[in-house]
Amino acid sequence: MKGFEYLLKIDRRIIYLVIGVVVILPLIFPTVERVRVMAPAQSLFNAVDSIPEDKILMVDFDYDPQTMPENEPMAIALLRHAFQRRIKVAALSLYVQPLALALKALDQVTEEFNARAQTSADSIIYGRDYVLLGWQPPPIVPLLEMGISISNVYSTDYYGYRTDSLPVMQGIENFNDVGILVSISGGNAPLWWIGYSQVLYGVAVGAGLTAVSASDFYIYYQTGQFSGLMVGMKGAAEYEELVESRLRVPGERKASEAMPSLTAAHLAIMVFIVIGNIGYLMRRRT
Amino acid sequence: MNTSFDIWLWVSAFLTLCIFSFLYKDNPFYKFAEHLFVGASNGYLVTIIWHGSLWPQGIRPIFAEGNWWLIIALIIGMLYFTRFFPRTSWLVRIPIAIVMGYGTGAAIPATIQADIMRQIQGTVLTPQNFARWNAGSTGVIWTVLLFIGVTCTLSYFYFSREHKGVLGVTSRIGIVFIMIGFGAAFGYTVMARISLLIGRIQFLLGDWLGIIQ
Chain F
1 MKGFEYLLKI DRRIIYLVIG VVVILPLIFP TVERVRVMAP AQSLFNAVDS
51 IPEDKILMVD FDYDPQTMPE NEPMAIALLR HAFQRRIKVA ALSLYVQPLA
101 LALKALDQVT EEFNARAQTS ADSIIYGRDY VLLGWQPPPI VPLLEMGISI
151 SNVYSTDYYG YRTDSLPVMQ GIENFNDVGI LVSISGGNAP LWWIGYSQVL
201 YGVAVGAGLT AVSASDFYIY YQTGQFSGLM VGMKGAAEYE ELVESRLRVP
251 GERKASEAMP SLTAAHLAIM VFIVIGNIGY LMRRRT
Chain E
1 MNTSFDIWLW VSAFLTLCIF SFLYKDNPFY KFAEHLFVGA SNGYLVTIIW
51 HGSLWPQGIR PIFAEGNWWL IIALIIGMLY FTRFFPRTSW LVRIPIAIVM
101 GYGTGAAIPA TIQADIMRQI QGTVLTPQNF ARWNAGSTGV IWTVLLFIGV
151 TCTLSYFYFS REHKGVLGVT SRIGIVFIMI GFGAAFGYTV MARISLLIGR
201 IQFLLGDWLG IIQ
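Chains as they are written, first to last, in my numbering: chain F, 1 to 286; chain E, 1 to 213.
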C-alpha cells in the first residue's frame, strides 16, 4: 500500500512541471482544434451584429494585466466585429488601470484594418469610427449619469477633445442611443451595469468574463439580463471563431491557439484528481 | 526562432520568470519582482489619479475656471486625511457618511431589482422562461430543474426547523445542487488559472523568444 501513500504525496513541483509541459508542447507543436460555439457567445455576437446604424456599441474595458490573457482576446474579437460591420464604438473604463489596455486593443485592431484599407472610407479613423471616452471616477457616475447625457459625463475624451465635437458622437445622447454595452471585465463591473444602468435606463448589456467568475454570472444570462456572454478563454475563442467564419476577418487568434493547451492541462488535472482520489480510497481501506 | 531585441520585452520576461521562480520556492528574485510591482503600481496610480481626476476635476475647475463651489467637495474629500491626526480624526466620518449614504441609497434598489426580483421572475415556471433556454421542448425540463434546484437549495438554508421529513429530503437535494455548483465553480477556476499561465507562456515563447508564431 505504500505506493498509494506516494500518490497522496506527489511533490507539488512535479505537478507544476507536468502542467508546464502539457501547456507548452501544444503551443510549440500546434494542432487544429475546432472551436464549438456555445449559445452565450452566439447570442452576444447576434446582439452586436444587429446594432442599428444610428446606435453605438459601448465597450467597457475593465480588465487589467492580471486577467489580460482571458479578456484581451475578447476585446480584440469584439472590436474586429464592430469595425468590420462599421458599427460605431465608444470605449471607456470604470477604473484607471485598464485604460492603457483599452488603448492597446483599439490601436492593434485599428492598425489591422488600416493595413488592409484601400481608401479613407475603408479605414478606421479615431473620432469618426470610434472614441475612447476615458475614465470618470467614481464608477457610479458613468453608470447612472450616462442615462441622461454621455457628453456631460465625458465632456472630453481620453485625448482631451470635446466629445460633443466628434463625428462619432453626433446623435449619441444617452443610453437610448447605445445598441448594446459590452463590459469586458475581470471583476464585477458587468453586474454594476445591470444593477444600475439596465435597471434605470434599460440598456442592453453583454459581458466578457473571466472563467473564475462565470458561475456567478450565468444566472443573469438565464434571466435575459445579459444579452450574451463570453466566458473565459474558451468564450474568447468562440467569438474569434464567429468573427472569422461569419465575417471573414483575418487576424491573430490568441484564444483559439491556446485551446489545445487548455484541453491538455484540463486532462492532466483530471488525471491528478483521479490519482489523488484512488490514493485516498486505498488508504481508507487499509 | 526569432528572439526579440526589445529591451522592455526582456525586462518583462525577466520579471515573469522571477515570479514563476516562486513555484520552486520563495527566493530573492521573487521578492524583488513582487516589491517592484507594488511600488510601480502605486506610483502609476498616484500619477494617473492626479492627471486624470484631481487636477482636471478638482484643482483646475476651482482655481483656473472659477468654479468656487467645487471647493466644498474638495474640502470634504480632504477630510479623509484627518485620519492621520488623532485630535481631528473624527472628521473622517463626514466623507465616509456621505459616500456610504449615497452608495447604499443607490445600491439597495439596484440590488433588489437586479438580483432578487429578476431572479425570482427567472425561476417561475412560465412559457417565457421555457423559451429562454433556446432548447425547444426540453426548455420545460431545464426550467423545472432550475425551480427544484432553487427551492431545495433555499430549504437547506432554512434553519428554524430541524431538517427532518419533507424538509430533510429537500435540504438533502439542495446539498446536491450546492455541490454541483461548487464543482462547476472549481472547474471554471482551474480553467481561469490555466488560461493565465497560457497567456504568459505565449508571451515568453512567442513575443520574447519567437519560438511560436
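A couple of the hints might just be wrong.
[Stated by the list, open to error] These stretches of chain F come out as covered by chain E in the derived footprint (C-beta under 8 Å, 3 or more residues): (1) 61 to 68; (2) 115 to 124; (3) 231 to 245; (4) 265 to 276.
[Claimed, not checked] EDC-like mimics (lysine to aspartate or glutamate), calculated; alpha carbons at most 20 Å apart, straight line: (5) F/254 <-> F/53; (6) F/254 <-> F/11; (7) F/254 <-> E/207; (8) F/55 <-> F/129; (9) F/55 <-> F/164; (10) F/254 <-> F/244; (11) F/104 <-> E/207; (12) F/104 <-> E/65; (13) F/104 <-> F/64; (14) F/104 <-> F/145; (15) F/55 <-> F/111; (16) E/25 <-> F/11.
Worth flagging that the hints you see were computed from the coordinates, not collected in a lab.
Even glycine gets a Cβ: it sits at the ideal position worked out from N, Cα and C.
Now the hints, each set against the structure:
A count of 3 residues in the stretch 61 to 68 of chain F with a Cβ less than 8 Å from any Cβ of chain E is obtained; the coverage claim is therefore met, three being the minimum. With a cut-off of 8 Å between beta carbons, the stretch 115 to 124 of chain F has 0 residues touching chain E; three or more are needed, and the interface restraint is violated. A count of 4 residues in the stretch 231 to 245 of chain F with a Cβ less than 8 Å from any Cβ of chain E is obtained; the coverage claim is therefore met, three being the minimum. Requiring three or more residues with a Cβ within less than 8 Å of a Cβ of chain E, the coverage given for the stretch 265 to 276 of chain F holds, as 3 such residues are present.
For the hint pairing residue 254 of chain F with residue 53 of chain F, the CA-to-CA distance comes to about 30 Å; that exceeds 20 Å, so the pair is violated. Only pairs whose Cα atoms come within 20 Å are accepted, and residue 254 of chain F paired with residue 11 of chain F is rejected, the gap being roughly 32 Å. Proposed proximity of residue 254 of chain F and residue 207 of chain E is supported: the alpha carbons are some 12 Å apart, at most 20 Å. Simply put, residue 55 of chain F and residue 129 of chain F have alpha-carbon atoms about 12 Å apart, close enough for the 20 Å limit, and the pair holds.
Distance restraint check for residue 55 of chain F and residue 164 of chain F: the Cα-Cα separation of roughly 15 Å lies within the 20 Å cut-off, and the hinted pair is therefore satisfied. Distance check on the hinted pair: residue 254 of chain F and residue 244 of chain F sit about 13 Å apart at the alpha-carbon level, within 20 Å; holds. About 15 Å separates the Cα atoms of residue 104 of chain F and residue 207 of chain E, which keeps this hinted pair within 20 Å; it holds. Proposed proximity of residue 104 of chain F and residue 65 of chain E is contradicted: the alpha carbons are some 33 Å apart, above 20 Å.
Proximity of residue 104 of chain F to residue 64 of chain F is assessed by CA-CA distance (about 12 Å); at most 20 Å being required, the pair is judged to hold. Restraint check for residue 104 of chain F and residue 145 of chain F: not satisfied, since their Cα atoms lie roughly 27 Å apart, outside the 20 Å limit. With a CA separation close to 24 Å, the supplied pair residue 55 of chain F and residue 111 of chain F exceeds the 20 Å bound. Proposed proximity of residue 25 of chain E and residue 11 of chain F is supported: the alpha carbons are some 12 Å apart, at most 20 Å.
In this structure, the hints that do not hold are numbers 2, 5, 6, 12, 14, 15, in rising order.
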